[in-house]
Amino acid sequence: MENAKIDKFQLFVLIYLFELGSTLLIPLGIDAKNDAWLAILLGMVGGFLLLSLYFALYQYHPDLQLTEYSIKILGKYVGWVVGFAYSVYFLYIAARVLRDFGDMLVTFAYPETPLFIINFMLIATIMYVIHKGIEVLARTGEILFVLMCLLGVLGFILICITGLIDFNNLKPVLEEGIKPVLNVVFTETLYVPFGETIAFTMIFPYVNNHKNMKLTGYAAMAGSGMVLVLTMAINIAVLGYGVTYRSQFPLLTTIQQIKIGEFLARLDIFFIIALMIGAFFKISIFYYGALFGFAALFNVKKISKLILPLGFIALLCSAAMARSAQEHIKIGLEYVPMFLHIPFQIIIPVLLMMTAFARKKFRK
Amino acid sequence: MNLKLFFFLPIVLLTIAVVSGCYSQRELTDIAIVTATGLDKSEDGKYVQSFQIVDPGNISSGEQAKGGGQGPPITVYSAKGNNVSEINQKISKKVSRRLYFSHTQLLIISEKIAREDGLDHILDAFERDNQYRSTMIVVIAKGSKAEDFIKTLTPIDKNSGRKIVKSLEITENTSGENIKVNLKDVIDDLMSRGKEPLISGVELIGSKEKGQKMDTLQKTEPESLIEVDGMALFKNGKLVNWISGKTCRGVSIILKKTKIFNVNLDWKGKKNVIAYQSIRSNTDVSAKFQNNRPVVAIQIEIEGRISEANVPIDLSNPKVLVKLEKKIEKKIQKEIYAAINKAKKDKTDVFGFGELLYRSYPNKWKKIERKWNDVYFPEVQTKVGVNVFIRQTGSKNKSHMTELDS
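Quick note, the sequences are listed as chains D and C, same order. My numbering puts the first sequence at residues 1 to 364. My numbering puts the second sequence at residues 365 to 770.
Don't take every hint at face value.
Derived DSSO-like pairs (lysine-lysine); straight-line CA-CA distance at most 27 Å [as the list claims (entries may be wrong)]:
#1 C:Lys652 - D:Lys171
#2 D:Lys171 - C:Lys530
#3 D:Lys171 - C:Lys728
#4 D:Lys132 - C:Lys368
#5 C:Lys599 - D:Lys171
#6 C:Lys620 - D:Lys171
#7 C:Lys706 - D:Lys259
#8 C:Lys711 - C:Lys691
#9 D:Lys171 - C:Lys730
#10 D:Lys5 - C:Lys368
#11 D:Lys179 - C:Lys708
#12 D:Lys171 - C:Lys621
#13 D:Lys259 - C:Lys530
#14 D:Lys305 - C:Lys368
#15 C:Lys706 - C:Lys621
#16 D:Lys259 - C:Lys708
#17 D:Lys179 - C:Lys599
#18 C:Lys731 - D:Lys171
#19 D:Lys302 - C:Lys368
If you are wondering where the hints come from, they were derived from the structure by calculation, not from laboratory data. Everything numeric in this text was worked out from a predicted model, so none of it was measured.
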């Protein structure tokens with residue numbers, strides 16, 4: 001752990017931007033058809049449960065990060081393995097988001113630039129900010145949070161003024177009952193982005209004022225969750241289910257529909273800025289978790305020694321993890337939730353919780 | 365500290381070098397801006413795509429006209445190929461620059477393609493490419509080749525692509541006899557079982573050869589004229605029929621596309637002597653099942669004013685106005701029914717009644733979805749209610765003939 005402190009608002013901002021991350025841009029939960037927004041909403045409700053679980057775990061060891069207290073709870077060997085697994089998980093997800101980011105830019109903005117170059121530029125920036133420490137990341141977040149809000153509000157107003165929204169597109173609600181929606185919730189929206197707050201177990205110890213910290217976390221999740229719900233609802237209302245479903249980036253297609261008079265159109269840059277900010281924070285947080293996880297497990301005192309190697313591992317992974325953008329997305333939808341998100345976001349935290357609880361009881 | 369510097373200095377330097385970003389830069393002099401593109405079918409079954417390219421040196425107008433060159437403001441290239449991407453490859457042999465599609469406003473599809481192949485096989489390239497915009501307007505070339513429209517020179521608005529888009533926009537707003545449909549709308553309608561696409565047509569009047577020469581711009585009346593006219597009805601992605609004039613207007617009113625339009629009225633045996641102009645209108649369409657049969661109710665509210673009265677009539681009398689309102693209501697109702705019957709006859713639901721049913725009755729809709737256009741839509745029972753208000757009578761009340769008459 002580095003010697004740093006962040007305040008509650010900074011935590012709020014980090015969670016908020018982390019949640020929006022790359023999920024704002026993809027057709028999240030679109031398998032629920034017109035009810036994708038509902039799937040995200042229900043995912044958020046589940047997300048509150050998971051977040052409260054992470055908070056509860058944290059309260060057993062308020063000064064330690066996940067990879068540290070897993071050793072405290074499970075013992076030297078098992079705990080170390082669990083901590084190691086988490087570090088690898090964080091690094092892998094960081095690489096996945098990095099790949100998402102690169103694929104998006106290659107698809108719609110830089111068709112001739114190699115993925116590797118784009119990914120390199122982002123990870124280099126991230127390595128730099130992580131080198132500067134969590135406080136700098138948090139302060140960067142404060143600035144970019146304002147920008148992100150401005151973009152969001154402005155974009156929303158412009159979409160309304162252009163008169164694009166047709167709420168009839170959201171009907172029929174629950175065409176095939178609640179079952180397909182729940183199916184999407186438990187295979188997709190619960191874990192991405194809401195369950196991913198597990199990465200914040202590496203950040204919580206830095207918060208300087210533990211009072212009301214939980215409330216801050218819930219507020220950030222509710223705020224960002226509502227933005228995601230609203231965005232998806234607007235996407236469907238503007239584009240209809242069919243176009244939304246076939247779009248790689250529905251939000252981009254929605255923004256491209258904006259046209260006010262003869263002069264205000266082609267606001268694709270809104271999308272690119274949102275993408276940059278979101279991906280930057282999401283990858284940073286995961287990367288930070290991986291970095292300090294490994295540092296604690298291998299007793300590395302100088303963090304900067306680890307920054308470069310881990311960054312390059314993430315970069316190489318991001319380029320090598322899938323043959324095509326479609327394969328990458330397929331893996332992300334079919335295997336990652338099942339074999340990574342469920343164990344790391346739900347099963348292991350629950351086991352840790354039970355063990356910690358039992359230990360406390362047993363000692364008394 | 366030195367170690368830190370050792371690691372980070374290269375990264376910082378490399379980032380500066382790479383981020384400053386001229387990766388795949390293109391100079392303005394290396395790209396050719398395509399403003400409109402047309403698709404035709406050649407006799408051997410291949411596609412011919414033509415590109416209208418702006419010649420920036422010759423497009424300046426008005427005060428800067430002295431600086432502009434003497435050549436035509438647009439240049440047209442075309443190539444033949446099996447699909448859109450292949451044509452893009454082939455065109456580079458003819459054009460000295462790389463084509464740039466982000467400013468393409470118009471896609472013209474020839475009637476032949478629309479009738480024989482349908483739209484399904486050609487639109488994907490335009491939607492998938494990240495340069496083309498999904499807000500690009502789509503029209504059908506009525507009767508002639510799409511290429512002819514691309515090549516025609518037009519006065520005032522120098523390139524015909526822009527001219528067609530503007531004409532459509534203005535006709536949609538002021539008479540409703542054409543509607544502006546973009547690529548996204550077309551694909552949306554193609555995908556839906558409860559709504560079929562409806563695309564405006566363009567027609568070439570006059571000599572097409574003369575219209576492609578600069579001479580045409582030297583005359584006060586151009587040799588050839590592009591007119592937006594009529595709408596094409598589609599079914600299963602293929603063009604089945606054209607509608608025009610008042611029928612188009614009926615369709616536009618149902619689709620809520622138009623607000624302003626004129627209605628002519630007869631008065632005391634004289635035909636078309638009073639003109640009514642609407643200022644705003646609203647249409648409310650609802651669909652439901654009655655005794656397991658689909659019923660559609662259309663309610664139209666129109667506000668407007670009298671714009672012309674060529675008979676002695678006392679427009680200051682509210683009772684006369686109410687009488688006129690009733691007449692207008694009947695006339696519009698008739699137009700709406702005519703539009704619906706036309707579509708019913710062609711068995712294609714361009715109004716989206718099916719989509720309305722799907723939204724309210726998803727389960728029942730599933731059972732009739734496949735047979736909707738052929739069996740159920742022609743049998744749909746429709747109720748049309750029109751409410752017309754004459755709010756003003758212009759800057760005069762009685763007609764100048766009134767005094768003479770009495």
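- Query: Of the numbered hints stated previously, which ones are contradicted by the structure, given in increasing order?
  - Reply: Of the numbered hints given earlier, those the structure breaks are 2, 7, 8, 11, 16, 17, listed in rising order.
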